[in-house]
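Fit chain R to the known structure of chain V by using the hints.
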Amino acid sequence: GAVVSQHPSRVICKSGTSVKIECRSLDFQATTMFWYRQFPKQSLMLMATSNEGSKATYEQGVEKDKFLINHASLTLSTLTVTSAHPEDSSFYICSAIRGLTGYEQYFGPGTRLTVT
Amino acid sequence: GIQVEQSPPDLILQEGANSTLRCNFSDSVNNLQWFHQNPWGQLINLFYIPSGTKQNGRLSATTVATERYSLLYISSSQTTDSGVYFCAVGTGDMRFGAGTRLTVKP
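Taken in sequence, the protein lines are chains V and R. Going by my numbering, the first residue of the first sequence is number 725, and it counts up by one from there. Going by my numbering, the first residue of the second sequence is number 967, and it counts up by one from there.
In short, the hints are calculated from the structure, not lab data. Since the model is a prediction, treat every value here as computed from it, not as a measurement. Be aware that a few hints might be false.
[What the hints assert, rightly or not] In silico lysine-lysine, DSBU-like type, Cα no more than 35 Å apart, as pairs: (1) V:779 - V:744; (2) V:788 - V:738; (3) R:1071 - V:765; (4) V:738 - V:779; (5) R:1020 - R:1071; (6) R:1020 - V:765.
Pulled out of the complex, with its shape left as it was, chain R reads as follows:
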């Protein structure tokens, strides 16, 4: 099956810093999504981005489908950005990466 790798596994930032999270996948996909899992476990949809670039406030994402990777950019990070960020691919039965655990310190 398709493999999804995320890097880095852990990231510690000072508030206000920028960061880039990466997601590599092993096969072509029709769907790629980025999620933020909050402390209560809820998966928050950040981006549905099988290809191209999208922006939403301080967050943006780019997927280069031909090269099988996606990037999530977080600018001017805030403490509320802390949590686990997951990349997932697939149409239906989604496969998740292991996640990036982000800690933003005040």
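The shape of chain V in the complex, shown without the other chains:
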């Protein structure tokens, strides 16, 4: 069964508004979670690493003030897209390392964001 969940699965918002996406690890604790973005027919690109109790680490070119990440507990990380624009429309996927077999990562089902 799923080990990482995301909510919502899809969201439509108007330009200029903010959207929060939740990522939860189910039945295990994740001190680190990861956020990826995938544009249509493209691969996944890492956006940021979310660390419980500390600031997130962002990949080069990702605006930290636009994509706010909060990892307030060992099972929950949130990504908030602030002042969304149509070009932010994408598929956002989170992941976590379960730790049972080393570094194997499990991915959430993704959130499809459409900004109108």
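Just chain R now, with coordinates in the frame of chain V:
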């Protein structure tokens, strides 16, 4: 950073055929995973295989870490195998290849 290349980019098979997907990576890795992305976008873990060989039903994978490549074998393909197959490497901040888009025709 580490580069991940997958081949072929597209593959069309007739149901029942076998196929081999390849993943080359530019540096030594502690983690390599193969995923199948279903039509709804969910990444399905196929193999966690930093080295060696594993098999799961009709699928098997081999990673030769010293030569920096991994292979995913699909035997007796079915239409439900269609989708995009990704190889990804890294401990934590994973780097993904561009994927192989597989279409299995009935």
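To see whether the hints hold, each was checked on the structure:
1. V:779 - V:744: 17 Å, holds
2. V:788 - V:738: 21 Å, holds
3. R:1071 - V:765: OK: residue 1071 (chain R) and residue 765 (chain V) at ~20 Å, within 35 Å.
4. V:738 - V:779: 28 Å, holds
5. R:1020 - R:1071: 26 Å, holds
6. R:1020 - V:765: 29 Å, holds
When held up to the earlier numbered hints, the structure conflicts with none and fits them all.
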